Amino acid sequence: MAIYIVKRFFMMIATILIIATLTFFLMHSIPGSPFDEERTSNPTIQANLEKFYKLDQPTHVQYAHYLKSIATFDFGPSIKKPNESVNKLLARGFPISFELGMVTILVAVISGITLGTFAALRHNGIIDYAAMAFAVVGISVPNFVLATVLIQQVAVNWNLLPPATWSSPLHMILPTLALATGPTAIIARLTRSSMLEVLTQDYMKMARAKGLSPMRIVLRHALRNALMPIVTIMGTMLAGILTGTFVIEKIFAIPGMGKYFVESINNRDYPVIMGSTVFYSAFLVFMLFLVDIVYGFLDPRIKLHRKEGDA
Amino acid sequence: MEDRKFAPIDENQGGTAIASEPKRLRKRTKTFTDVMLSVQDLHVSFKTFGGEVQALRGVSFNLYKGETLAIVGESGCGKSVTANTIMGLIPKPAGRIKNGKVLFKGKDLTKLDKSEMRKVQGVDISMIFQDPMTALNPTLKIGEQLTEGLRTHQKVSKAEAREKAIKLLEVVGIPNPEERMKQYPHQFSGGMRQRIVIAIALICEPELLIADEPTTALDVTIQAQILELFEEIQERTGVSIILITHDLGVVAKIADRIAVMYAGKVIEIGDKREVFYTPQHPYTNGLLASVPRLDLKEEELQPIEGTPPDLFSPPNGCPFTARCPFAMEVCERVYPATTGLSETHAVDCWLQDERAKQVIGHN
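Chain order of the listed sequences is B and G. Using the working numbering, you'd call the opening residue of the first sequence number 773 and step up by one each time. Using the working numbering, you'd call the opening residue of the second sequence number 31 and step up by one each time.
All clues stand as given, with none of them false.
Ranges of calculated distance between the beta carbons of each label pair, as one might list FRET restraints:
#, chain 1, residue 1, chain 2, residue 2, range
1, B, VAL1034, G, GLN213, 51 to 57 Å
2, B, GLY1068, G, GLU235, 32 to 38 Å
3, G, HIS276, B, PHE1069, 37 to 43 Å
4, B, LEU878, G, HIS216, 28 to 34 Å
5, B, PHE845, G, GLN184, 57 to 63 Å
6, G, ALA254, B, GLY1068, 36 to 42 Å
7, B, LEU878, G, THR337, 54 to 60 Å
8, B, ARG894, G, ALA254, 43 to 49 Å
9, G, GLU384, B, ILE898, 57 to 63 Å
Not close to chain G: a few residues of chain B, all C-beta gaps over 10 Å, as computed:
#, residue
10, LEU789
11, PHE824
12, HIS837
13, GLU871
14, VAL879
15, PRO914
16, VAL921
17, PRO934
18, GLY1007
19, ALA1011
20, PRO1027
In short, the hints are calculated from the structure, not lab data. Nothing here was measured: the structure is a model prediction, and the numbers come from that model. Virtual Cβ for every residue (Gly too), placed ideally from N, Cα, C.
This is chain G alone, in the form it adopts within the complex (with noise of 0.2 Å):
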């Protein structure tokens, strides 16, 4: 009955293994120690005519002083409504947080009211959104949306705050800022745009940044230098960054750790080394999976088959079971635990029970 239980459903489609060569990953060897943000069995809910989604179904992670950890998942998975309930952002009455906290510093963000909110929103913890193409007011002068949060929260003169404006546009590489500061988001091109928009980000001087998506709506060399500029930020300010993306080259080239995302969880999570390669969830390996690649001639990408479950009315169980090449009837059920691979590294996944067969192994 126990081995039943435990046994593959296809054995056929089990087996494939998924390392993947260690080449083009820079390494870093920061450890981070100091807990910034603890998010903890986050449940979140939006009312709709067709009922009730449950976007986050029990997010749980850490994040650390001076990290970049970059959540990763597919379209609809919940990444951006993270970063939103983190930043405060959800849209009520629709949306709903129905369980768990949010500690910033073991302050709990989600029993904050809107006023207390705002004295986060901006000051400790900035947003970058997806495309600059619409995230800056159409209307006003980019002086003005740079300074007007600074001259919100801070007792800072007019003057004072247009320096530190110029300043920071400089930082973020705007030529002739003083020029710029009087001029409308429609004069600048997109990556100047994500540039100005960093520079609001950052001008209260937070201690954590999350970008949603920051690179997505920019051309690939604007990309390259983008993310950069954050890698530059990080080391002269220290500033923790979620990096929100389904861009696995971008979470290559910055995070120092990975949470993966699949329907409304967390379902893998550790050191950007341990995620790439020796990935432990069969979706964290599909998604790897099906990245193109330029070193093996393979014309067609290698997708993940089939679509991530109805948040409407979650499974049970796994919700990869459906799609899940190692799918056991235990799976369709009951939910597995996290397991702990190593001190950073954890992971959702029947798999990882000592009765299941092993399929992905790199041990």
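Isolated chain B (complex conformation) (with noise of 0.2 Å):
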């Protein structure tokens, strides 16, 4: 298991350090620069803040300044906004974006799992073909339109919820929502699938031939085993929901990292790009590496390193 996790640990930093490199190179391959919009700056401040910043000198002195900055973690002050950096961006939107990704994924996981293995156990019952009918709809609805048909009924006309911002548990439930449905769609579709597959399995039959409650025997014998798919998606879907949540923080005027990640790109804020795309790859190889961990606990088949003697 620590050889593993070493392993994978090296891993993980090539690959943020792949992303990172290209991140620079596409970045610096579109034309622009952070200053264009000032028009009104003269030459003489453009140079210095422009040396300022490093812009002067060759790209490859650039890359090795900011690979520097990612080892230490210090992506310096974002340009746009020069009495605030990157670090302190990051701090104030990621917990915002993070909390919104992770109650999206736990609603997800929870409403998905349950509408599919219900689904499952009524095969082709009524509940069956309801919970498919809303993964259909689920799955085909973007989130922002679901985001602002949510904002245009829920909170104008009915005035139930709040329609916008972030700062109690009720204005949480209304971008949950939209950005949960797709996710709980796909995963309620996959559990029903994998559910029913397991379902007609021998060991469900032994499982049934013990005399066991029906409860035991779903929750023990069958959904662990069905629940190897939605591990493997879980990964993939992560990177989906985090990133969706940018969309969702705009309509919903969440002041999470979106609006900061948007922003940066239209304006080459360089500093700020670099900053939260390593920060979020980061994060992301993190969870991908969390989802293997977890692949192995649930099936014991699975191994994470070879022992000595297994084939």
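Relying on the hints, combine the two individually framed chains into one complex.
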């Protein structure tokens, strides 16, 4: 296990380095500079600014400097907001995005698995059809459409919930709903199909032949086996939800990372782009690592490392 | 008119008598008197897209305390459905018990609701499945799979259950049982897994063990070991066993009585020796003749020609008519009544009628 974690750790670092490098060169290949908008600034000021942010130096020097900033985890000040450092922006925005993302994942996993399980247990029954109808709608409707509909109906027309911002648990309901519906639908469909397969397995018949309670049969014997495909897609789904938050944050005026991220790209605010990209990719890579660990716990046949004597 | 009706359709094929020599069968002179399980006129059907499959069409037999009854027959004859019906594992609503009773110690199991049935499953009646590679849950430690039934049905502590499980693993021949409790199914070989499946079935000390082709998925050397284990367990606990198989070698080894099934009916039932040495139904006959024999230098197997009837619309008469070398006109029209040949031996065949020609004769 320890060997596996160390191995994975180095692979994670390599992955992040590749992402960082790609981002750097992609960003620098886009025409324009952070100072394009400020037409009034005279050439001397511009030159001084560029010198301050080391933008006057050749690309490879900038790249080296950038790598150093990753290693020390200090991305320096933002170009557009000189009195804010990138680290500060991350510290302020990320917890909110993280909260939204995690609540969404939690809601999607719990409701998706529940829905899918009931659908499978009542295969070809009303619950099954209802759940699958919901799933088709959930997968087909984009979250930004759902978000606007929710704001219009629930917040404006019915006046039930606050339409925007992020200040109380009540404020969290609509954005979470908008963001979680798609993933819920995907998880529900996946759970259903994998559950249906598991339910026909011999060991399920054996569990019934033991006279166990239906609760135990489903939770202990079926679900654990049925969860494997869901864990598999969790990694990519996480990435989808985390970037999905950007759009939802914009619609609901949530002060998360999304705003800074999009703004920074429009403004060519290099330090912010680089900092947030590296931070996000590090976070994702770590989450994927967690998913792999969970895998090993769910299915003992998956070995994370090779034991001596194993074939 | 009468004569014509009972005359064999093709006389040339008749008269091939089939008494094999009583050689390798072990003598068993146990007598069984207490009826433990009585299956009476059981009809089970399954709804499918193609229509209704009449899987069981009136199955009746008794099982005595302490005996091993083998149910034999080819694929699709209803052996497993019989086992699943007794066990209460017929998938509903697709499968339906249309008629008949399963009396277990006087209690009709078909009338029990799900929660009442759960108190029988694994407690009074246990089942052993065909394929040990798939019968164990791959994600649970075998210790848990062993003890969960016990912990569900009896008020025992975790430690007590564990202790009992370890003892049982020893009984079924698993070395280092304490260590093995913590392992997962994939860490065991096929034979070992089947031993574990047997241990799981025995944990609540059931009175009836239904083994659905318990050795089919195992290789021959392991088969013999598992069969010996069955005998040992029966001697130790006095459990009754219903052994479902299509392997007549297995039957010869451990069965006391044999029920031969064909197209959803028990067509012949009797003491092992009676069925093996003096089979009265042409199907039983064919089944025994199709066993490859080492002592005869025949290269070719002797299969029974043809296939069993379609159970979507089973024939009115004897279902074996189309494949039977002795078929008569009456066979096609009316199902024969059960003829008792001895206290234990009974057969459903028109050839037993006094008006029929003597074609299978070793009386």
